[in-house]
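**Q** Given the coordinates of chain B, work out where chain S should sit on it, guided by the hints.
So the sequence lines, in the order shown, correspond to chains B and S.
Here the working numbering is used: the first residue of the first sequence is 3, the next is one more, and so on.
Here the working numbering is used: the first residue of the second sequence is 5, the next is one more, and so on.
Just so you know, not all the hints are guaranteed correct.
The list that follows gives simulated cross-link-like pairs (lysine to aspartate or glutamate, EDC-like), each with its CA atoms no further than 20 angstroms apart [claimed, not checked]:
#1 B:Lys519 / B:Asp403
#2 B:Lys401 / B:Glu233
#3 B:Lys24 / S:Asp130
#4 B:Lys24 / S:Asp191
#5 B:Lys518 / B:Glu459
#6 B:Lys450 / B:Asp527
#7 B:Lys406 / B:Glu222
#8 B:Lys51 / B:Glu8
#9 S:Lys319 / B:Glu70
Stretch by stretch, here's where chain S covers chain B in the computed footprint (C-beta under 8 angstroms, at least three residues) [claimed, not checked]:
#10 104-117
#11 167-178
No lab work stands behind these hints, which were simulated from the structure alone.
A virtual CB, placed ideally from N, CA and C, is assigned to each residue, including glycine.
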Amino acid sequence: MIRFSELYDAIDRTTSTNAKVKAMAAYFASAPPPDAAWAVFFLTGRRLKRLVPSAAIRDWALDATGLEPWLLDECYAVVGDGAETVALVLDQLTPAEMKTTPLTLAEWVEDRLLSLRDADAATQQARVTGWLGSLDRLQRFILLKLITGELRVGVSQTLVVRALGQAAKLPTPTIAARLMGEWTPSAEWFTSLLSHDQSDEDRSRPYPFYLASPLEGTPESLGNIADWIVEWKWDGIRAQLVRRGGLVHLWSRGEELITHRFPEIAAAATHLPDGTVLDGEVLAFRDGAPLLFSALQQRIGRQKQVAQMVRAVPVVFMTYDVLEERGVDIRSLPLDERRQRLSALADRESGAGVIRTSPIVEEESWDALARVRTESRTRGVEGMMLKRRSSPYGVGRKKGDWWKWKIDPYTIDAVLIYAQPGSGRRASLLTDYTFGVWEGGELVPIAKAYSGLSNEEIDEMDRWIRRHTRERFGPVRHVEPVHVFELGFEGIARSPRHRSGIAVRFPRMLHWRRDKKPEEADTLDNVRKLLHTVEERHRPPGT
Amino acid sequence: MLVERSEGLFCPAGAFYIDPWQPVARALITHAHGDHARSGSAAYLCASPCTGLLHRRFGTDANIEHLPYGHTLTLGDVRVSFHPAGHVLGSSQIRLESAAGVWVVGGDYKRVADPTCAPFEVVRCDTFITESTFGLPIYRWDPTDNVIREVLDWWRSSQAEGKTSVLFCYTIGKAQRVLAELARYTDRRVLVHGMMLSTIDAYREAGIAMLPVDPATERPRGTSFAGELVLAPLSARGTPWMRRLGDISDAFASGLMRVRGVRRQRAFDRGFVLSDHADWPALIQTVTETGASHILATHGHAEPLARELGRRGWKTGVIRTAWEGEFTGD
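Chain B extracted, bound-state conformation (with noise of 0.2 angstroms):
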């Protein structure tokens, strides 16, 4: 276990992404099977289930130090981590420097910790007391982290997938997709995970997303209309739809598997022709319109009572390009030709109105289009997609063929960085956000936003926030960057009085982007490109 807990303190020391992927590059690359394998699980946040809950672990830290549980408490409220909090009082007990135990962390896992589910309290209280003496600071960490199923390390899976792509010298989403569903952590499966043998390989896999960049200048400049195809832009989750072998996959841009979570795309995507991949929208939606995200959120939230959410809040897949037909990738056909094949798969398709096609707006002219663009509230969407006729389905977000032309020009996605009380009957609350964004690793704050909530929500967060709290300001808590949200604001303008150097005017949240992950949320890059778009946009003529 010596070797990962040093790569878990490799990962955790650092904020670059880079370093962490190769840190555990290099682990999977070098690491025994049986110990790389039980690293991939917990690394990818999978956990021990009903090993020891956590209060038996305070209670076990109370006995052994004759602490008081409120001074406990209140170390916890400093730390904001129960195993750490266990692991720093413990050290009253041992020397920071021991000797520790050489075995390894299959051996860990296997031998010791998975027979605490069988012992009595007693028994366990003893084992897990000898074995936390008995470890140095960091590797009793980790051992109280595994036990109680809590290791997050500050990479996501998509690391960790890049990862083993990289340990491996396989693409990541084959990776990814080897990551899916149930398996067993083993030296078999680890060996299997890394093959180069494709024989068998997943037939539920997606092709990487082709990604649009947000329209920078008029629309005009892309020349004649004619070229383009004009798609409305649709609030919901970008997912492809895999029909293959009999099976349906539905994939999250994110490469996370969300089929489970919308059974009725599922259902309707069985009527498919074998061999067909659909690119397009997971969408709320209801009487003929799609509904605000934040009713589409609440089937993504919910792990469980999917049968009642499905009732609850009505989804479709709006489709909007093909990538493989019969078995076939026609992602370098034209986007034309691909929208034709599109149309005709719709034409026999009878999936009770779930998969739905996206209309193409028909416009003659630019101008006629921006008339028609002004119409987007009040269908639910946000702007438009202009996509160039000629183009190839491409890979990752590369610019010149795809743009996304939103009505709404500021919003930014923004990652929750504090938290304090509200005022009035929110005083008990913690409903007063302030949000960051990414400058060189570091979260900066860029706007502070109080409205934008529903009561649920802001319930929900609350009791997220007080959880999560990483260090106390008197009424500010610092939390943990964990939350993504879509904020809009009403115009922007440089402030000397900013740490960031730039105001917001009006900002709100739009949305809770549970769906992003906080490495995702906007750099202070963007925002001050859109500073910079604005400025050049608000430019007397002649200057």
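**A** Just chain S, lined up with the frame of chain B:
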């Protein structure tokens, strides 16, 4: 003996304040950190080894009297003496004796050895005012030598990666302690931020042996800093000054680095747990050794420390400061 006033802790029988945060007629100063030594008072009194640092903070024309450690001066009805606190150069506990008994204001203090200042002296008293910066059982320091070797390892590995090691630390005390501790292992020259030069000089004038230093920025343009160790105050972080240092690995030397979340939140590459304050066991040990029956806690986690001491049989109280929620000096 002492009462809380808006200007700070006041001794009516001696007509003086201790570490006031507003200008007063007479101020007794425990040590030269900014949250204890505020400018503008008409007259100051401190321990002799503190004088150089105070003049640098207040200017050469400030009215500063000083008293050697252990010497007694009578102010009004109170006999006053200064005793080493082991926190930074010239840091003191202030002992006050009158018909009302003996009080000791501990100021900031630590119990581990520090080559840059006189070691803490236990002073028996009836009432002891203790700091509580790290007044929770999670705070417990590893031997200084272990930490210094971690610093050296980090410096070497950054050098191997062609990076500049930037160690943020407080300008009074921590910087000099690091330079003095490192001198046991190396004789390499260290670069320092300009803000640190004056206080390093003050320590050299007091006869403290430290590694040689050069100002980091008075080097020809284009000079590479790769492989160098640079000490800088936290206020320099993220300023244009940093740009010249090239590719850096940064670290912070502070007791605060004991908590992972704090280190992560501030996004330092490394955190070295090196503190000039007493840790939890040292706080308990110290209040015990003073023999005091009445303990007043201040500066930091005063409430939990007082509550725990109360549980263990002491009569306790809490003194608020103007610095609640802020953090200075470590």
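**Q** Evaluate each hint against the coordinates.
**A** So, going through the hints one by one against the coordinates:
| no. | hint | result |
| --- | --- | --- |
| 1 | B:Lys519 / B:Asp403 | 27 angstroms, violated |
| 2 | B:Lys401 / B:Glu233 | 18 angstroms, holds |
| 3 | B:Lys24 / S:Asp130 | 59 angstroms, violated |
| 4 | B:Lys24 / S:Asp191 | 34 angstroms, violated |
| 5 | B:Lys518 / B:Glu459 | 17 angstroms, holds |
| 6 | B:Lys450 / B:Asp527 | 19 angstroms, holds |
| 7 | B:Lys406 / B:Glu222 | 14 angstroms, holds |
| 8 | B:Lys51 / B:Glu8 | 24 angstroms, violated |
| 9 | S:Lys319 / B:Glu70 | 18 angstroms, holds |
| 10 | 104-117 | violated (count 0) |
| 11 | 167-178 | violated (count 0) |
Consistency note: the structure conflicts with the earlier hints numbered 1, 3, 4, 8, 10 and 11.
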